[in-house]
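Those protein sequences? They're chains R and P, same order as listed. Following the UniProt record's numbering, the numbering of the first sequence begins with 1 at its first residue and continues without gaps. Following the UniProt record's numbering, the numbering of the second sequence begins with 1 at its first residue and continues without gaps.
Keep in mind that the hints were calculated from the coordinates and are not lab data. Hints may contain errors.
[As the list claims (entries may be wrong)] SDA-like cross-link-like pairs, simulated, lysine to any residue; straight-line CA separation at most 25 Å: (1) P:K114 to R:S84; (2) P:K77 to P:L95; (3) R:K87 to P:F119; (4) R:K144 to P:L95; (5) R:K144 to P:L22; (6) R:K87 to P:L95; (7) P:K43 to R:E143; (8) P:K77 to R:V99; (9) R:K144 to P:K114; (10) P:K104 to R:V99.
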Amino acid sequence: MLGWSMSNGVGEGGRRSQSREKRKLFQGSDFSYALARTAVAQICESVEFNNNMYQESRQGVRFTSFQESALDTLAGVALHYIHSIGKTAQFYANVAGRVEGNSLDIVQALADLGSASGVSDTGSCLADSMLVRDIIRYTGEAEKMPFVYALPRFPITKEKRHAPPSFSEVRAEPPDVHIPVWLPSFPETNVDTIQGGAVSKENGGRSEVFKSSKDVRNSPQGEEEMEGNPFLTAPLRFLENRVSNELVDINHFPDKHSSNNHHIPVLEASALSDDINWKNRFSESEDGEKKGGARPQQTLLRFKIGTLKRPSCLATKRSVQGRRWFKEGEVKREKKSDIEENHQRIDSDVK
Amino acid sequence: MNHGQHSGEAKHEDDAALTEFLASLMDYTPTIPDDLVEHYLAKSGFQCPDVRLIRLVAVATQKFVADVASDALQHCKARPAPVVKDKKQQKDKRLVLTMEDLSKALREYGVNVKHPEYFADSPSTGMDPATRDE
């Protein structure tokens, strides 16, 4: 999309071939990149520009909105900057015969990157008389502003997935003779236990989603409600949306009586506390009621978790379409409009 | 490091300032989260267990981004706004960080950003939110 290269004094020639990989590194859609984007947006918001010429703005002017590409670029440049600092500092440490870098290496790297605003005096020992002082001045001047939401420890340790209990643990008979008792039980054998352990199952499904999405190193627990700028919203929120829309699928299936009062507590227990999602969920369950597909409930709770990778719209569509076979022709039109409404709603929510 | 024999006192001063600053970084929370910086530093091969160094990098990066942003802001203010945008801006009085200003600002820092001429970006994506800072 955007081609950019950083000239940091090392020389730009022959870098073209690497630039694609670099771009992959610094312009992606992974979680860390999204975090960087948010941080950069936050920093840009905090930058103020005071000018006496503009009388109407007493407090100074600041950016309140961003072009997507500009923000992406700036975040990419910032990440590249961190990367370059790290690389150069490591280089200096290695030149000095050390494995771990120290502060002087970083200062040297900063000097190499030319972030000193003044002319750096290369004769001086650290070359940091300007540089460090600039940074110190900056930390004094800039408003101290922590990141918008609390993050858990960054490379989150993946939870171990628990294998389903074996036949002997469930104390169920294997359906066939050739299946030994010590094998993990089939999902349908512990239908009774699913009811009780539905919450844990839901959670397992969710964590699976987070694991499967590449490079997502976080869990949603450390997030707070955000208001205002959409650029400062939690990057994981989109994930949550997606997940909850998947979970909504479950709600299509329960029969008339149990849909509202029975299954929603289970979803509630899975702690997706988003208003939109709630609305979504309720409306969906109402839909489910309208259509009134008579379906066994628990079995569906089981295998919908496995298909989480599908896009949500598609999933709902299919699930509804699959049910169409059971409907009379009259209901079809209503349903179609319902589906379309649903899609629009989901789309707008996702956006 | 093999430099700095000749400027002993200046070095001493700088060292003291640097040490003091590093110590003060323990209390300072940069906007860029530590874990993010640590992650990307680790990706670049730099390893250090010291959170102060990570914060030093974080603060330096923050300063860099803030400098670029303030330059872009100046470009944005200095540029005569086109008529259509003017109306819009007068209406809701908000500044949009555009690619044009950003590339100008970044050029001063040695980053050449080539902005595709007819790239249809969506500047309106950021226009929806409630005004937070005003």
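Taking the hints in turn, this is what the structure says about them:
Between P:K114 and R:S84, the direct Cα distance comes to roughly 20 Å. Compliance with the 25 Å bound is thereby established for this hinted pair. A threshold of 25 Å between alpha carbons decides the hint, and for P:K77 with P:L95 the separation of about 9 Å falls inside it, so the pair holds. Our distance criterion of 25 Å between C-alpha atoms is broken by R:K87 and P:F119, whose separation comes to about 33 Å. Proximity of R:K144 to P:L95 is assessed by CA-CA distance (about 23 Å); at most 25 Å being required, the pair is judged to hold.
A distance of roughly 16 Å separates the Cα atoms of R:K144 and P:L22; the hinted pair therefore holds under the 25 Å criterion. A distance of roughly 35 Å separates the Cα atoms of R:K87 and P:L95; the hinted pair therefore is violated under the 25 Å criterion. Proximity of P:K43 to R:E143 is assessed by CA-CA distance (about 29 Å); at most 25 Å being required, the pair is judged violated. Restraint check for P:K77 and R:V99: the C-alpha separation of about 47 Å exceeds 25 Å, so the hint is violated.
Restraint check for R:K144 and P:K114: the C-alpha separation of about 33 Å exceeds 25 Å, so the hint is violated. Restraint check: the Cα-Cα separation between P:K104 and R:V99 comes to about 38 Å, which exceeds 25 Å; the hinted pair is violated.
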